[in-house]
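A.B. asks: Read off the chains here:
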Amino acid sequence: MKPALKRLGHQPWLGSFIAATVVWLMTIAFTGGQGGGEILTSALSFGTFTVIVGLGQMMVITTGPGNVDLSIPATMTLSGVIAMKIMNTDEALLLIGILAALSASLVVGVANYILIRLLRIPPIIATLSSSFLILSTAISYGRGIRIKPPPSLAEFATVRYAGVPVVAVAVVALSFLLAIVLKRTIYGRTVLAIGQNERAAWLAGLNVKSVRFATYLLSALFAGICGILQSGFSGGAALNMGDDFLLSSIAVVVIGGTSVAGGKANVPGIWGAALFMYLLVTMLNIFGASPGVRLILTGVMIIAVITMAGGEKASR
Amino acid sequence: MTLEAIRLDGVEKSFGAVRALAGVDLVVSAGECLGLVGHNGAGKSTLMHVLTGTLSPDKGSLAVGGVTVSGEWSAAASQRAGIRCVFQELSLCPNLSVAENARIMHSPLRGFGWKKRASDLIRAKLDEIFPGHGIDPDDEIADLPIGKRQMAEIARAFTVMSDPLRLVILDEPTSSLDAVTAEQLLAYIGKETAKGTAVILISHLLGEILSASNRIVVMKDGKSVAERPADGFDRMSLVAAMGSEGHGSSSHSTSIVSSTGTSPVLVKAHPDASKTGPELVVRKGEVIGLAGLAGHGQTRTLLQIFSRDHASVEAPMSFIAGDRQSDGIFNLWSIARNVTIRSLKSFTRFGLIDPDAEARLAEEWKSRMAIRTPDMDNNILTLSGGNQQKALFARALASDATVILMDDPMRGVDIGTKLEVYDMIRTEAANGRSFIWYTTEFDELAYCDRVYVFRNGKISDEINAGSISEERILQASFAESAA
Numbered sequence: 363m364k365p366a367l368k369r370l371g372h373q374p375w376l377g378s379f380i381a382a383t384v385v386w387l388m389t390i391a392f393t394g395g396q397g398g399g400e401i402l403t404s405a406l407s408f409g410t411f412t413v414i415v416g417l418g419q420m421m422v423i424t425t426g427p428g429n430v431d432l433s434i435p436a437t438m439t440l441s442g443v444i445a446m447k448i449m450n451t452d453e454a455l456l457l458i459g460i461l462a463a464l465s466a467s468l469v470v471g472v473a474n475y476i477l478i479r480l481l482r483i484p485p486i487i488a489t490l491s492s493s494f495l496i497l498s499t500a501i502s503y504g505r506g507i508r509i510k511p512p513p514s515l516a517e518f519a520t521v522r523y524a525g526v527p528v529v530a531v532a533v534v535a536l537s538f539l540l541a542i543v544l545k546r547t548i549y550g551r552t553v554l555a556i557g558q559n560e561r562a563a564w565l566a567g568l569n570v571k572s573v574r575f576a577t578y579l580l581s582a583l584f585a586g587i588c589g590i591l592q593s594g595f596s597g598g599a600a601l602n603m604g605d606d607f608l609l610s611s612i613a614v615v616v617i618g619g620t621s622v623a624g625g626k627a628n629v630p631g632i633w634g635a636a637l638f639m640y641l642l643v644t645m646l647n648i649f650g651a652s653p654g655v656r657l658i659l660t661g662v663m664i665i666a667v668i669t670m671a672g673g674e675k676a677s678r
Numbered sequence: 105m106t107l108e109a110i111r112l113d114g115v116e117k118s119f120g121a122v123r124a125l126a127g128v129d130l131v132v133s134a135g136e137c138l139g140l141v142g143h144n145g146a147g148k149s150t151l152m153h154v155l156t157g158t159l160s161p162d163k164g165s166l167a168v169g170g171v172t173v174s175g176e177w178s179a180a181a182s183q184r185a186g187i188r189c190v191f192q193e194l195s196l197c198p199n200l201s202v203a204e205n206a207r208i209m210h211s212p213l214r215g216f217g218w219k220k221r222a223s224d225l226i227r228a229k230l231d232e233i234f235p236g237h238g239i240d241p242d243d244e245i246a247d248l249p250i251g252k253r254q255m256a257e258i259a260r261a262f263t264v265m266s267d268p269l270r271l272v273i274l275d276e277p278t279s280s281l282d283a284v285t286a287e288q289l290l291a292y293i294g295k296e297t298a299k300g301t302a303v304i305l306i307s308h309l310l311g312e313i314l315s316a317s318n319r320i321v322v323m324k325d326g327k328s329v330a331e332r333p334a335d336g337f338d339r340m341s342l343v344a345a346m347g348s349e350g351h352g353s354s355s356h357s358t359s360i361v362s363s364t365g366t367s368p369v370l371v372k373a374h375p376d377a378s379k380t381g382p383e384l385v386v387r388k389g390e391v392i393g394l395a396g397l398a399g400h401g402q403t404r405t406l407l408q409i410f411s412r413d414h415a416s417v418e419a420p421m422s423f424i425a426g427d428r429q430s431d432g433i434f435n436l437w438s439i440a441r442n443v444t445i446r447s448l449k450s451f452t453r454f455g456l457i458d459p460d461a462e463a464r465l466a467e468e469w470k471s472r473m474a475i476r477t478p479d480m481d482n483n484i485l486t487l488s489g490g491n492q493q494k495a496l497f498a499r500a501l502a503s504d505a506t507v508i509l510m511d512d513p514m515r516g517v518d519i520g521t522k523l524e525v526y527d528m529i530r531t532e533a534a535n536g537r538s539f540i541w542y543t544t545e546f547d548e549l550a551y552c553d554r555v556y557v558f559r560n561g562k563i564s565d566e567i568n569a570g571s572i573s574e575e576r577i578l579q580a581s582f583a584e585s586a587a
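Heads up: the protein sequence lines correspond to chains A and B, in order. Following the working numbering, the numbering of the first sequence begins with 363 at its first residue and continues without gaps. Following the working numbering, the numbering of the second sequence begins with 105 at its first residue and continues without gaps.
Please keep in mind that the hints were generated in silico from the structure rather than gathered at the bench. Errors might be hidden in some of the hints.
Below, in silico cross-link-like pairs of lysine to any residue (SDA-like), each with a Cα-Cα straight-line distance of 25 Å or less [claimed, not checked]:
#1 K470/B - T547/A
#2 K545/A - R184/B
#3 K626/A - N491/B
#4 K571/A - L200/B
#5 K545/A - L196/B
#6 K545/A - D518/B
#7 K545/A - A535/A
#8 K626/A - D224/B
#9 K545/A - D460/B
#10 K571/A - Q429/B
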């Protein structure tokens, strides 16, 4: 029991869960115990979307310094717009819409990789500039019309059992899958190896190029999935639907204990961090903080959590 | 009675157990060009680093212009004393112009119009040394071809501002120069020494050393072993002085006499990526040595074979790095993971790595390589350097690779570990694996069936096990003159 506890204490994701719990307790202490359950439910609903894109971002960041996907919000929007327009509220076109949206996302992933690999543009610039192209495509394709999702998609994206959203359960399953991929597959090992030392990974006979390619594809695919679900959840696609996810996709990765320097990923930490971020904003709202104060405190709290969780890294 | 520019008395320097300098006495007189020769590990580079102040000696004293240095000896002090060095690996800032690089060396170039003055300074020197050089002081270093970079760096070393110019060290200065500019440089050395500047010339071109120097010092094993006026040496006697008597015979007795002449050819490569020049051929079960002075294309050839670029390779390969930190280990991982990374495919079922099989493989190689650790799940950095290297050997040998490329892997490894690994290589070669082994140590060539000596990126000699001798390798490593 002792060693297990000790090992638990060394997990870098623990910090984000503790922080989330503390924030939640402070909130319900303020409300006198009212609405604790509802807050958790909505944290799960909204946090889930951040987790989906966060997982993709985590894989990209883990492949080493300089790797980041800034095209996630644009890809989400494009995917949502394509899905809604093709489905056109028709149940029969649901699958086709999903396939088309995800295919478009994969094209974005391929384009990102081409910019990075063939044109040797740093990922931060490549994905940022591709977002402009993607977003323009979404705007011209969507033409500002707001189309409702087919009822079954809306149902799937919003339904809850005992306060637990079905989507959250599905994404927990996805997270488990990804954790296994990281730990138990050659692809996962390669991602971790490249992140530590790309040259050594190449000399160890690992397929650096194709794994890097697959990782940018994966991130785009997850953004696409998130775009479809988000559209179902909020009653349609909107051109600004991805805006909040630019910073939050990166923040949950970092707060969750994944190394920004690469080579070390942390799946559960993404969940803790996503819940923490949502609960923090909720708490400040309930406290009646003005938007300015809310932003300042959010920034300060994120710094505090990273500092506490990063103690282990500093000693290295 | 000539003035002395610099004097070293009994200078010693050790890196851990390695004694790089074992008591060097050296005097360079003002106005003299001293040729310095020696093979890999003779201590030339360490000695130059001591002179330029980037390394401080463990023992011994240094005198500049006849005055013993008493205070702190540092790079800045060396610069003030008028000691300049052109290193083999060029040290100009690639993102700055030629003139700006000149400014880095001369702090008095400040205030209004410094750039103009820096340009004039470096242009005048370039004109003086390399007439018709075609370099504009405003050219950015990165845009210049390697030969012109070297010209700029040499010219910079000879520029004079407030500090006097006492001694210029030229470490392989002609390695990137063509015959004409090399000739210009050698002529300039003659003029500069006539003005009283001392020059130390290090080169693998013995003809250059013999013609440009007044006096030649031969280093070996961290000591100066021979010293004569230049006309007291010829090519043969220089090579003989660099080698030693005992070595040659001992290598024969330990070499493996194998009958690999008829086994299948696994690797064929042209080291200089052209179709001309001698070819490197590796057969099944052979241990092939790559010898010659460091930096003459051995590592590049290994990487070329590894990436199958202008090389035909009929077998899976594995690479054992010599530079563990940059090419080898994954330092966030356990020893086990570092060992198994090359072999994951062999225990992956339905796309999933079998953790038990992985642990078994790690344990097996822990005992086979005698990796000294209580637990293979410990981080790789808990191991000593030698044991980290063993883990890298285990990674390659545990894999399905039948051709193992080794990039001077015994750098900084203790003798006990070395002997264990040599045994392992012999056993594995007997079992049909082939090794391509770049080494900077003569003794290791004794384990090879055939040795290719490299010079200027090309194979300059191919020696079979029976005829491997230090003298023959030295002969092939040092050229008479630039070809």
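A.B. asks: If a hint holds in the structure, say so; if it does not, say that too.
C.D. replies: Results for each hint:
About 23 Å separates the Cα atoms of K470/B and T547/A, which keeps this hinted pair within 25 Å; it holds. For the hint pairing K545/A with R184/B, the CA-to-CA distance comes to about 57 Å; that exceeds 25 Å, so the pair is violated. The straight-line distance between the Cα atoms of K626/A and N491/B is roughly 24 Å, inside the 25 Å bound, and the hint therefore holds. As the CA atoms of K571/A and L200/B are separated by approximately 33 Å, the hinted pair breaks the 25 Å bound.
The hinted pair formed by K545/A and L196/B fails the criterion: a straight-line CA distance of about 44 Å is larger than 25 Å. Straight-line distance between C-alpha atoms of K545/A and D518/B comes to about 35 Å, which puts the hinted pair past the 25 Å bound. Proximity of K545/A to A535/A is assessed by CA-CA distance (about 16 Å); at most 25 Å being required, the pair is judged to hold. This hinted pair does not check out: K626/A and D224/B have alpha carbons roughly 53 Å apart, beyond 25 Å.
About 13 Å separates the Cα atoms of K545/A and D460/B, which keeps this hinted pair within 25 Å; it holds. Simply put, K571/A and Q429/B have alpha-carbon atoms about 22 Å apart, close enough for the 25 Å limit, and the pair holds.
The structure fails hints 2, 4, 5, 6, 8 (numbered hints given earlier, in ascending order).
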